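Undergrad: Using the sequences provided together with the hints, build the complete structure.
2 protein chains.
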Amino acid sequence: MSLSMADLFKRITSGVYVVGVAAGPQRNAFTAAWVMPVSFRPLMLALSINPKHSSFALLREGGVFSINVLRRDQLELAGRFGAPADTGKLSAVAWRTGKTGAPLLEDALARFECELAGECPTGDHVLALGRVVDGVLLQPDAEPLIYRETGDLDGASGLFPDGF
Amino acid sequence: MSLSMADLFKRITSGVYVVGVAAGPQRNAFTAAWVMPVSFRPLMLALSINPKHSSFALLREGGVFSINVLRRDQLELAGRFGAPADTGKLSAVAWRTGKTGAPLLEDALARFECELAGECPTGDHVLALGRVVDGVLLQPDAEPLIYRETGDLDGASGLFPDGF
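If you read the protein sequences in the order shown, they are chains A and B.
Here the first sequence is numbered in the numbering used here, starting from 177 and rising by one per residue.
Here the second sequence is numbered in the numbering used here, starting from 177 and rising by one per residue.
Hints are computed from structural coordinates only; laboratory data are not their basis.
The model shown is predicted, which means the values in this text are computed figures rather than measured ones.
Note that beta-carbon positions come from the ideal geometry of N, C-alpha and C, so glycine has one too.
Hints are supplied without guarantee of correctness; some may be wrong.
Below, simulated SDA-like cross-link-like pairs (lysine to any residue); rule was C-alpha separation at most 25 Å, straight line [claimed, not checked]: (1) A:Lys275 x B:Gly299; (2) A:Lys228 x A:Ala182; (3) A:Lys228 x B:Phe216; (4) A:Lys228 x B:Arg307; (5) B:Lys228 x B:Pro260; (6) A:Lys228 x B:Arg217; (7) A:Lys228 x B:Pro218; (8) B:Lys275 x A:Phe216; (9) B:Lys275 x A:Ala233; (10) A:Lys275 x A:Ala233; (11) A:Lys228 x B:Pro297; (12) B:Lys228 x A:Arg307; (13) B:Lys275 x A:Ser180; (14) A:Lys275 x B:Phe336; (15) A:Lys275 x B:Pro218; (16) B:Lys228 x A:Ala293; (17) A:Lys228 x B:Ala293; (18) B:Lys228 x A:Phe216; (19) A:Lys275 x B:Gly339; (20) A:Lys275 x B:Ala182; (21) B:Lys275 x A:Gly339; (22) A:Lys228 x B:Gly294.
One side of the interface only, derived from the structure: several residues of chain B facing chain A at Cβ under 8 Å [unchecked claim]: (23) Ser190; (24) Pro213; (25) Arg217; (26) Ala222; (27) Leu285; (28) Val309; (29) Asp310.
TA: Here it is in structure tokens:
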């Protein structure tokens, strides 16, 4: 457990997202913070994902993902979609299927839909590179949830090494 | 010019950083927002960089980079290091050479030093993957500068396409 390393890395500011994946009739969604734009033309986003996560297999199989931007008041939702269980997370919220087939939260600050354009291994994660094919700013006046404000909701302090 | 696309993508929250690079006696530093952690073990950060930027050649040649986290009151500094000129940007601020050889700002919220561990092309940018070999939280009570709060300081609104 390394609170100080987690504290340090939280100074790399990021938002909090519910990422949706789908392959055929299967779909899932999970909370992530390691998301950023990586290209203007074409429009691309990168998502760093743990390849041991069952949603990674769905992402690869379906080749699509959605990024749903959470608001500051959606901390409880972030916790729910961060839970390890793979079933039923979407059943408790209002969602619909996007043009890519990925699930979209009805209630979010903004959202993006991506087609998987490539992968890049990075340490214990994999970068999923997404070509952004759609996006909408749903609530322009809302403030985004900031990852540092979630405390240790995701248990990341236990995942960092103690030193360099 | 696409203010609405820039507005949308700014909902992917990020901080603002001065990235330092060095190769032999040459060094440079530039402002970037597309930085995020990508692995716990080993500790890794990804930086999305325009390969046409002259600092990219230095980064590749030297194989190291630093990430200096700017505070909310360092907007003017962000603008200065965002200027296209390649010379003299470091001469106007207090900096020192880090253990990797990369330049470090003396006055920053936090900083990281990385060894270049890989690259991954993504559209019009390249992801530089850095193994984090050192880092320090210098000002734990300071608030980080948030990219969305910088307005159109970097002219990004002119770089986004108008549609998907």
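Undergrad: Does each hint fit the structure? Answer for all of them.
TA: Comparing the hints with the structure gives:
no.: 1; hint: A:Lys275 x B:Gly299; verdict: holds, 22 Å
no.: 2; hint: A:Lys228 x A:Ala182; verdict: holds, 21 Å
no.: 3; hint: A:Lys228 x B:Phe216; verdict: holds, 14 Å
no.: 4; hint: A:Lys228 x B:Arg307; verdict: holds, 21 Å
no.: 5; hint: B:Lys228 x B:Pro260; verdict: holds, 12 Å
no.: 6; hint: A:Lys228 x B:Arg217; verdict: holds, 14 Å
no.: 7; hint: A:Lys228 x B:Pro218; verdict: holds, 16 Å
no.: 8; hint: B:Lys275 x A:Phe216; verdict: violated, 33 Å
no.: 9; hint: B:Lys275 x A:Ala233; verdict: violated, 40 Å
no.: 10; hint: A:Lys275 x A:Ala233; verdict: holds, 20 Å
no.: 11; hint: A:Lys228 x B:Pro297; verdict: holds, 24 Å
no.: 12; hint: B:Lys228 x A:Arg307; verdict: holds, 21 Å
no.: 13; hint: B:Lys275 x A:Ser180; verdict: holds, 21 Å
no.: 14; hint: A:Lys275 x B:Phe336; verdict: holds, 22 Å
no.: 15; hint: A:Lys275 x B:Pro218; verdict: violated, 37 Å
no.: 16; hint: B:Lys228 x A:Ala293; verdict: holds, 22 Å
no.: 17; hint: A:Lys228 x B:Ala293; verdict: holds, 22 Å
no.: 18; hint: B:Lys228 x A:Phe216; verdict: holds, 14 Å
no.: 19; hint: A:Lys275 x B:Gly339; verdict: holds, 16 Å
no.: 20; hint: A:Lys275 x B:Ala182; verdict: holds, 22 Å
no.: 21; hint: B:Lys275 x A:Gly339; verdict: holds, 16 Å
no.: 22; hint: A:Lys228 x B:Gly294; verdict: holds, 22 Å
no.: 23; hint: Ser190; verdict: holds, 6 Å
no.: 24; hint: Pro213; verdict: holds, 5 Å
no.: 25; hint: Arg217; verdict: holds, 5 Å
no.: 26; hint: Ala222; verdict: holds, 7 Å
no.: 27; hint: Leu285; verdict: holds, 6 Å
no.: 28; hint: Val309; verdict: holds, 6 Å
no.: 29; hint: Asp310; verdict: holds, 6 Å
The structure is inconsistent with the numbered hints 8, 9, 15, although it conforms to all the rest.
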